[in-house]
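J.: Quick note, the sequences are listed as chains A and B, same order. Position 181 (the first sequence) corresponds to 181 in my numbering; numbering is contiguous. Position 187 (the second sequence) corresponds to 187 in my numbering; numbering is contiguous.
Read the hints as simulated data drawn from the structure, not as lab findings. You may find that some hints are simply not true.
Covered by chain B, according to a simulated footprint, are these stretches of chain A (three or more residues, beta-carbon under 8 Å) [said to hold, decoys possible]:
#, segment
1, 3 to 15
2, 33 to 44
3, 72 to 85
4, 115 to 126
5, 130 to 141
Glycine included, C-beta positions come from ideal geometry on N, C-alpha and C.
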Amino acid sequence: MADLTWIFFSSMIINNFTLMLFLGLCPFLGVSGKIDTALRMGAADTFVLVMTAVAVWVLNTFVLARTPYLRLIAFIIVIAGLVQIVEMVIKKLSPVLFRALGIYLPLITTNCAVLALAIFQTNREYTFLQGIVFAVGSGAGLSLALVLMASIRESIELADVPAVCRGTALVLMIAGSLSLAFMGFAGLLSSS
Amino acid sequence: MNGMVSHAHMHGGGGPPTGRKAPPAREDLLKGFWRENPVLIQLLGLCPTLAVTNSVANSVVMGIATFFVLVGSSFLVSLVRRRVPNEVRIATYIVIIATFVTVAEMILQALVPVIYKQLGAFVALIVVNCIILGRQEAFAGKNPVGRSVLDAVGMGVGFMIMMLIMGSVREVLGSGTLLGVSLFGPRFEPWVIMVLPPGGFFTLAFVLLAIAWWKERTAKQAKAAGAHELAAAERAA
Numbered sequence: 001m002a003d004l005t006w007i008f009f010s011s012m013i014i015n016n017f018t019l020m021l022f023l024g025l026c027p028f029l030g031v032s033g034k035i036d037t038a039l040r041m042g043a044a045d046t047f048v049l050v051m052t053a054v055a056v057w058v059l060n061t062f063v064l065a066r067t068p069y070l071r072l073i074a075f076i077i078v079i080a081g082l083v084q085i086v087e088m089v090i091k092k093l094s095p096v097l098f099r100a101l102g103i104y105l106p107l108i109t110t111n112c113a114v115l116a117l118a119i120f121q122t123n124r125e126y127t128f129l130q131g132i133v134f135a136v137g138s139g140a141g142l143s144l145a146l147v148l149m150a151s152i153r154e155s156i157e158l159a160d161v162p163a164v165c166r167g168t169a170l171v172l173m174i175a176g177s178l179s180l181a182f183m184g185f186a187g188l189l190s191s192s
Numbered sequence: 001m002n003g004m005v006s007h008a009h010m011h012g013g014g015g016p017p018t019g020r021k022a023p024p025a026r027e028d029l030l031k032g033f034w035r036e037n038p039v040l041i042q043l044l045g046l047c048p049t050l051a052v053t054n055s056v057a058n059s060v061v062m063g064i065a066t067f068f069v070l071v072g073s074s075f076l077v078s079l080v081r082r083r084v085p086n087e088v089r090i091a092t093y094i095v096i097i098a099t100f101v102t103v104a105e106m107i108l109q110a111l112v113p114v115i116y117k118q119l120g121a122f123v124a125l126i127v128v129n130c131i132i133l134g135r136q137e138a139f140a141g142k143n144p145v146g147r148s149v150l151d152a153v154g155m156g157v158g159f160m161i162m163m164l165i166m167g168s169v170r171e172v173l174g175s176g177t178l179l180g181v182s183l184f185g186p187r188f189e190p191w192v193i194m195v196l197p198p199g200g201f202f203t204l205a206f207v208l209l210a211i212a213w214w215k216e217r218t219a220k221q222a223k224a225a226g227a228h229e230l231a232a233a234e235r236a237a
């Protein structure tokens, strides 16, 4: 149990995917303009991450044990297919949720966080339960970073920023400061 | 590298494409160096640009691996572009890219095992580097083999230039070394933050700032020069 708690907090805060490992930066820079969209993106991300964790566990246990060189190709195909299936299922079961997630769902295929999750999970040889917890923690971390970024961007929208700094440079500087803050969590749990 | 940058400068750095007389082949190659630089201008492939640039050696290896995958995939995609049905083209591109990344992974593992270990998952993550899929979708899937390879070489070199800039700045400031050689001697107190994650964000932010500032300045100068000429012409009339 302690093991699972550690995985959860490590993936959510200490090794935050976005701010510490630079994964999933595209949505972080792209859809972090409003808190509302950031939350939805985070939810969609978490959902796909958990589904991926399940799929990767199945692949690793039953298919890829004897063909490690096919790992990358298998992962990326499964992720692409999975996102498509998830999209269809949500559309069928809950059109409201589908409309809320909108364009963000298909975009997740090319989100490096998802493939990274698959690779980390394989390299660290997580069990089924550990994999799920890792996925939920990473998803929570992504959402946390997205929402933090969106709140900051919403509140500086009317600030008097020099024209040269506007746009990506400003967002990157905010991200750097956030990342700096998250470094403080490094000692939260000792890694032994 | 310096020579290449200044060359690209002369060719395409002057803001609006006024002197676009270059033959298409040269244009295909050179646009990626600067004017359409994938990282700087299109803001693609940011994850590796920030994640593995904490030393020059890592940046160079990552740059070469990405270059290899990009050129290889562009070549193959362009070769098969007429045989691939439109509906499954993205899936086909991804499988081709993943194959080349697997090859690159094995080569790196054999040749530079230490750096391979430092790069970790980011070698495999070349698959989801948006620069590569972007070039297949935007260029190689529609153009003949020769042009696609030139385009890929240009974009690959553009990516490498950015990796080198980021890697040099972060290693020099963060460790006081360049390619492992000490630059300032033992009295230099390294800015450790530059080799840690926040340093990546800050370095890229400042590079983008510098470019924006430089662009604004040249635009102002061009405007001033234009006004000056106009005034002179009016005086002459």
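J.: Determine which of the earlier numbered hints do not hold for this structure and return their numbers in increasing order.
T.: 1, 2 and 5
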